[in-house]
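Asker: Sequence:
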Amino acid sequence: MRQQNVYTVSQVNHVIKLMLEDYEPFRNIYVQGEISNYKAHSSGHKYLTLKDEGGVLSAVMFRSDAARLRFRPENGMKIIARGRISCYPKYGQYQMYIANMMPDGIGALTVAFEQLKQRLYAEGLFDAERKKPIPRLPQNIAIVTSPTGAAVRDMLRILKKRYPLAAVQIYPVLVQGEGAAADIANAIAAVNRRGEADVIITGRGGGSLEDLWAFNEEVVARAIAASDIPVISAVGHEPDVTISDFVADARASTPSNAAEICVPDSAELRRFLLTAQNTLRGDMQAILSSKRMQLEALDKRRKLRTPSGYIQDKRYELGHVSSQLTAAMQGILAAKRQEFIKQAAYLDAYSPLKVLARGYSVVTKDGQVVSSSAKLRREDEIFVRFAKGGAVCKVEQVKRKV
Numbered sequence: 000m001r002q003q004n005v006y007t008v009s010q011v012n013h014v015i016k017l018m019l020e021d022y023e024p025f026r027n028i029y030v031q032g033e034i035s036n037y038k039a040h041s042s043g044h045k046y047l048t049l050k051d052e053g054g055v056l057s058a059v060m061f062r063s064d065a066a067r068l069r070f071r072p073e074n075g076m077k078i079i080a081r082g083r084i085s086c087y088p089k090y091g092q093y094q095m096y097i098a099n100m101m102p103d104g105i106g107a108l109t110v111a112f113e114q115l116k117q118r119l120y121a122e123g124l125f126d127a128e129r130k131k132p133i134p135r136l137p138q139n140i141a142i143v144t145s146p147t148g149a150a151v152r153d154m155l156r157i158l159k160k161r162y163p164l165a166a167v168q169i170y171p172v173l174v175q176g177e178g179a180a181a182d183i184a185n186a187i188a189a190v191n192r193r194g195e196a197d198v199i200i201t202g203r204g205g206g207s208l209e210d211l212w213a214f215n216e217e218v219v220a221r222a223i224a225a226s227d228i229p230v231i232s233a234v235g236h237e238p239d240v241t242i243s244d245f246v247a248d249a250r251a252s253t254p255s256n257a258a259e260i261c262v263p264d265s266a267e268l269r270r271f272l273l274t275a276q277n278t279l280r281g282d283m284q285a286i287l288s289s290k291r292m293q294l295e296a297l298d299k300r301r302k303l304r305t306p307s308g309y310i311q312d313k314r315y316e317l318g319h320v321s322s323q324l325t326a327a328m329q330g331i332l333a334a335k336r337q338e339f340i341k342q343a344a345y346l347d348a349y350s351p352l353k354v355l356a357r358g359y360s361v362v363t364k365d366g367q368v369v370s371s372s373a374k375l376r377r378e379d380e381i382f383v384r385f386a387k388g389g390a391v392c393k394v395e396q397v398k399r400k401v
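The opening residue of the sequence shown carries number 0 in numbering that gives the first Met the number 0; numbering runs sequentially from there.
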């Protein structure tokens with residue numbers, strides 16, 4: 000019998016690994032599938048399974064590659080992954096090592112835009128209630144943009160033409176490429192730390208989605224949301240929409256439009272002030288004319304032209320009123336006197352003393368009038384009041400009926 004080679008498990012797995020890695024098509028392969036069992040590990044690695052109707056394929060994306068993703072993978076998302084097929088010898092499991100992935104049928108940047116937009120919207124960063132008003136007459140304006148682009152020149156030209164009274168400070172930043180988002184966010188924070196600006200304009204001229212992407216980064220959105228100074232977003236042309244536009248306190252369709260929103264037109268202000276001046280002058284003249292007429296009318300009044308005569312007239316009026324008051328008081332006193340006499344006669348007629356004078360008496364016990372024999376007991380001490388004088392008596396017998 001022919002002797003067969005005996006392999007260890009590790010050897011078999013290692014051979015399979017070499018076979019897979021030596022197979023040219025597997026070294027840089029594109030795989031289309033749906034993400035399932037997605038897990039983002041704390042180390043930064045991402046583990047997932049790609050599946051379709053006929054099978055599944057385990058996959059891993061290491062931290063260095065995952066850091067370059069523009070969107071967040073999710074279960075159920077259809078993607079096209081690029082990478083290599085190999086085997087992990089320890090477990091004898093072949094899998095795909097993903098170097099890059101993109102959503103199937105839609106750009107990665109578009110997916111990243113929508114994902115961040117939904118997340119920030121859910122946090123309330125787009126709410127109208129949190130947006131600050133743009134000052135009507137700003138004295139200091141900060142512009143966070145590239146110092147060499149056409150956008151900044153347009154803004155400076157319009158600001159100077161419309162409202163030359165405002166001071167403008169340029170905060171130079173990168174507006175595209177690596178590090179641009181952090182540069183913009185840091186500049187916005189710096190403007191707030193200095194606290195000298197009344198309003199911030201941040202943006203750039205037009206370009207592709209990739210060119211404008213710095214203004215779709217989360218770090219810029221959160222810097223705008225955290226700003227205590229109102230922020231105007233001025234990115235690209237009118238059709239361009241970025242995350243910064245949603246978070247900012249005001250959105251301008253272009254950088255030039257941002258300058259127009261930021262300051263009033265000095266010519267319009269001048270016309271407004273002239274109109275207000277003319278209105279104020281007319282109102283003051285009307286008031287002065289009315290007061291002059293009142294003064295002339297007062298000047299014609301006798302009490303001002305001859306004060307002694309006015310005083311004499313008032314003295315006569317006072318004497319007349321005094322006589323009327325005296326007569327009225329005498330009438331009141333006479334009526335009250337007659338009423339007093341009437342009430343005194345009434346009281347005298349119903350006085351208890353009159354009753355006692357006719358031979359009746361009043362019996363009291365402990366200061367209370369005794370109206371019934373039921374209130375008395377034998378040996379009780381009572382007081383009998385007569386028309387004249389009284390007597391202290393002791394009860395010998397109580398009769399309930401007489």
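Please keep in mind that the hints were generated in silico from the structure rather than gathered at the bench.
Any given hint might turn out to be false.
Derived lysine-lysine pairs resembling DSS-like cross-links, with alpha carbons at most 30 Å apart [said to hold, decoys possible]: (1) Lys77 / Lys16; (2) Lys89 / Lys130; (3) Lys116 / Lys160; (4) Lys341 / Lys313; (5) Lys374 / Lys387; (6) Lys313 / Lys290; (7) Lys77 / Lys116; (8) Lys130 / Lys38; (9) Lys341 / Lys387; (10) Lys398 / Lys364.
Label pairs and their calculated CB-CB ranges [claimed, not checked]: (11) Leu324 / Ile286: 40 to 48 Å; (12) Val320 / Arg280: 45 to 53 Å; (13) Asn74 / Leu164: 55 to 63 Å; (14) Pro132 / Ala266: 51 to 59 Å; (15) Tyr120 / Phe61: 48 to 56 Å.
Each residue gets a CB set at the ideal place from its N, CA and C atoms; glycine is no exception.
Asker: Take a quick look at whether Lys77 and Lys116 sit within 30 Å of each other, Cα to Cα.
Answerer: holds (20 Å)
Asker: Going straight from one Cα to the other, do Lys130 and Lys38 come out at no more than 30 Å?
Answerer: violated (36 Å)
Asker: Keeping to a limit of 30 Å between CA atoms, is the pair of Lys313 and Lys290 held or broken?
Answerer: holds (27 Å)
Asker: Next pair to validate is Lys89 with Lys130; report whether the Cα-Cα distance is within 30 Å.
Answerer: violated (56 Å)
Asker: Taking the CB of Val320 and the CB of Arg280, does the distance hold inside 45 to 53 Å?
Answerer: Cβ of Val320 to Cβ of Arg280: about 49 Å, so the range 45 to 53 Å holds.
Asker: Can you let me know if the beta-carbon spacing of Leu324 and Ile286 is within 40 to 48 Å?
Answerer: holds (44 Å)
Asker: Take the C-alpha atoms of Lys77 and Lys16, compute the straight-line distance between them, and say whether it is at most 30 Å.
Answerer: holds (28 Å)
Asker: Would the hint linking Lys341 and Lys313 be met if the CA-CA limit is 30 Å?
Answerer: violated (42 Å)
Asker: Is the hinted range of 55 to 63 Å satisfied by the C-beta distance from Asn74 to Leu164?
Answerer: holds (57 Å)
Asker: Take a quick look at whether Lys374 and Lys387 sit within 30 Å of each other, Cα to Cα.
Answerer: holds (25 Å)
Asker: So the hint says 51 to 59 Å: do the beta-carbon atoms of Pro132 and Ala266 match that?
Answerer: Since Pro132 and Ala266 have Cβ atoms about 23 Å apart, the given range 51 to 59 Å is violated.
Asker: Check the hint pairing Lys116 with Lys160 against an upper bound of 30 Å on the C-alpha distance.
Answerer: violated (36 Å)
Taken one by one, the earlier hints fail for this structure at numbers 2, 3, 4, 8, 14, 15, listed in ascending order.
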